[in-house]
Amino acid sequence: MKVTLTEHQQEVYVEIVNTIDENLFSFYKSKDLKDRLLSLTGQAGTGKSVLTTHIAKYIIDKLKANNCYSNDSIVVSAPTQKATKVLRDMILLEDVEAECKTIHSFLGIEPIYNYATGEEKYTVVRGKQAPATASLLIVDESSMISHDIYESILETVTTGRVNTVLFIGDSFQLLPVGSNNNENDVFKLEKQFQLTQIVRQAENSPIIKLATKIRNMIESQEFTSLNDLLEDSKSEDIELFNNREEFLEDFYKNDQWHKEDKLISSFANKQVNTFNADIRMEFWKERGIVN
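The sequence shown begins at 2 in my numbering and counts up by one.
Hints are computed from structural coordinates only; laboratory data are not their basis. Among the clues, some could well be false.
What the hints assert, rightly or not - Think about it this way: if two alpha-carbon atoms lie no more than 30 Å apart in a straight line, the pair counts; the simulated DSS-like pairs of lysine-lysine are:
#1 LYS86 to LYS192
#2 LYS83 to LYS260
#3 LYS30 to LYS63
#4 LYS102 to LYS263
#5 LYS189 to LYS63
#6 LYS65 to LYS192
#7 LYS102 to LYS192
#8 LYS49 to LYS63
#9 LYS35 to LYS102
#10 LYS35 to LYS63
#11 LYS189 to LYS214
#12 LYS263 to LYS49
What the hints assert, rightly or not - Ranges of calculated distance between the beta carbons of each label pair, as one might list FRET restraints:
#13 GLU23 to ASP229: 43 to 51 Å
#14 GLN257 to GLU191: 51 to 59 Å
#15 ILE215 to GLU98: 34 to 42 Å
#16 ILE208 to SER71: 34 to 42 Å
#17 GLU12 to ARG245: 46 to 54 Å
#18 LYS260 to HIS148: 39 to 47 Å
#19 THR197 to TRP285: 45 to 53 Å
#20 GLN272 to GLU191: 39 to 47 Å
#21 SER50 to ARG245: 28 to 36 Å
#22 THR81 to LYS35: 25 to 33 Å
#23 SER50 to ASP229: 26 to 34 Å
#24 GLU23 to LYS189: 20 to 28 Å
#25 SER226 to PHE28: 52 to 60 Å
#26 ALA66 to LEU227: 49 to 57 Å
Ideal Cβ positions, reconstructed from N, Cα and C, are used throughout, including at glycine.
Starting from the given sequences, assemble the full structure and let the hints guide the process.
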């Protein structure tokens with residue numbers, strides 16, 4: 002592997018692979034279900050992704066050594082296409098031989114929307130292809146796993162399709178729509194492993210520092226105003242704008258602003274669409290083309 006684990010990461014790594022080792026070549030029994038559902042948590046910067054690639058590589062080598070490896074032995078998944086692409090890029094960079102797909106694709110399920118209530122549920126699509134299998138199913142962004150999807154994942158273990166599931170996530174990150182932390186099954190699993198130390202490379206990141214401040218406030222339930230929080234966190238990487246016009250003026254300030262690697266994110270699609278319209282208008286206005 003290209004990145005060496007820290008001492009703390011190595012300790013957690015050993016605990017996890019030892020647990021998976023005990024399952025790997027044995028059949029599922031109801032009494033050992035708790036040992037086949039593992040959860041790795043940690044805040045941003047603790048090295049969850051790095052540790053995950055080390056675990057996957059270890060299991061692949063173990064399966065190959067016992068002539069049990071196949072192309073779908075290790076499946077790395079996430080709830081969204083975007084998160085799955087990030088995972089795919091990561092495992093390719095680390096030369097990990099694992100299959101990448103969304104958790105919905107692996108489970109063979111499709112969403113059903115109730116437009117009257119706004120609820121989203123899932124149904125199994127039968128007959129299209131044989132149910133997917135895996136020796137190790139890794140589910141990233143597990144904070145977003147709803148109860149329905151969790152139950153479907155559980156079924157893959159109890160029916161013998163999946164040997165062991167490793168959930169990767171952070172309880173402070175995005176949760177399923179309409180849910181709260183107490184309702185997320187993943188964070189109630191008995192086999193919990195936690196990374197608690199931010200790695201040296203991330204310690205000086207202003208964004209990691211800001212995220213840690215927010216996390217600490219949530220844990221202590223002692224909050225400060227957003228303005229005070231951002232003022233205290235100002236740096237070359239973090240800047241506070243008082244209004245939309247001030248922000249856009251800064252966004253366009255360089256001559257080649259449209260070639261810079263910039264991304265605007267927002268809470269609502271309406272705001273995203275408005276920003277996109279403003280940016281396109283400015284781009285064409287600078288070229289003398291105005292609707």
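Each hint, compared with the structure:
At roughly 27 Å between alpha-carbon atoms, LYS86 and LYS192 fall within 30 Å of each other, so this suggested pair holds. Of the supplied pair hints, the one linking LYS83 and LYS260 holds, its CA atoms being roughly 23 Å apart against a limit of 30 Å. With a CA separation close to 22 Å, the supplied pair LYS30 and LYS63 stays within the 30 Å bound. A distance of roughly 27 Å separates the Cα atoms of LYS102 and LYS263; the hinted pair therefore holds under the 30 Å criterion.
Proximity of LYS189 to LYS63 is assessed by CA-CA distance (about 29 Å); at most 30 Å being required, the pair is judged to hold. Our distance criterion of 30 Å between C-alpha atoms is met by LYS65 and LYS192, whose separation comes to about 26 Å. Proximity of LYS102 to LYS192 is assessed by CA-CA distance (about 24 Å); at most 30 Å being required, the pair is judged to hold. For the proposed pair LYS49 and LYS63, the alpha carbon gap of about 21 Å is at most 30 Å, so the pair holds.
A C-alpha spacing of about 25 Å is found between LYS35 and LYS102, which places the hinted pair at or below 30 Å, so the restraint holds. For the suggested pair LYS35 and LYS63, the alpha carbons sit about 22 Å apart, so the restraint of at most 30 Å is met. For the suggested pair LYS189 and LYS214, the alpha carbons sit about 25 Å apart, so the restraint of at most 30 Å is met. Taken as a hint, the LYS263 and LYS49 pair is honoured in the structure, with Cα atoms around 26 Å apart against an allowance of 30 Å.
At roughly 50 Å, the beta carbons of GLU23 and ASP229 sit within the given window of 43 to 51 Å. Range check, GLN257 to GLU191: Cβ separation about 54 Å, and the 51 to 59 Å hint holds. Against the hinted window of 34 to 42 Å, the Cβ-Cβ separation of ILE215 and GLU98 comes to about 37 Å, which satisfies the hint. Taking 34 to 42 Å as the suggested C-beta distance range, the pair ILE208 and SER71 conforms, at roughly 40 Å.
Separated by about 47 Å at the C-beta atoms, GLU12 and ARG245 satisfy the suggested range of 46 to 54 Å. For the pair LYS260 and HIS148, the beta carbons lie near 45 Å from each other, so the given range of 39 to 47 Å is met. A beta carbon spacing of about 50 Å between THR197 and TRP285 agrees with the range 45 to 53 Å that was offered as a hint. For GLN272 and GLU191, the Cβ-Cβ distance of about 41 Å falls inside the hinted range of 39 to 47 Å, so the restraint holds.
Range check, SER50 to ARG245: Cβ separation about 34 Å, and the 28 to 36 Å hint holds. For THR81 paired with LYS35, a C-beta distance near 28 Å keeps the hint of 25 to 33 Å intact. The hint said 26 to 34 Å for the Cβ distance between SER50 and ASP229, and at roughly 32 Å that hint holds. Between GLU23 and LYS189 the CB atoms are about 22 Å apart, so this pair conforms to the stated range of 20 to 28 Å.
A hinted range of 52 to 60 Å holds for the C-beta pair SER226 and PHE28, which are about 56 Å apart. In this structure, ALA66 and LEU227 meet the distance hint of 49 to 57 Å, their C-beta atoms being roughly 53 Å apart.
Hint check: no violations occur; every hint is consistent with the structure.
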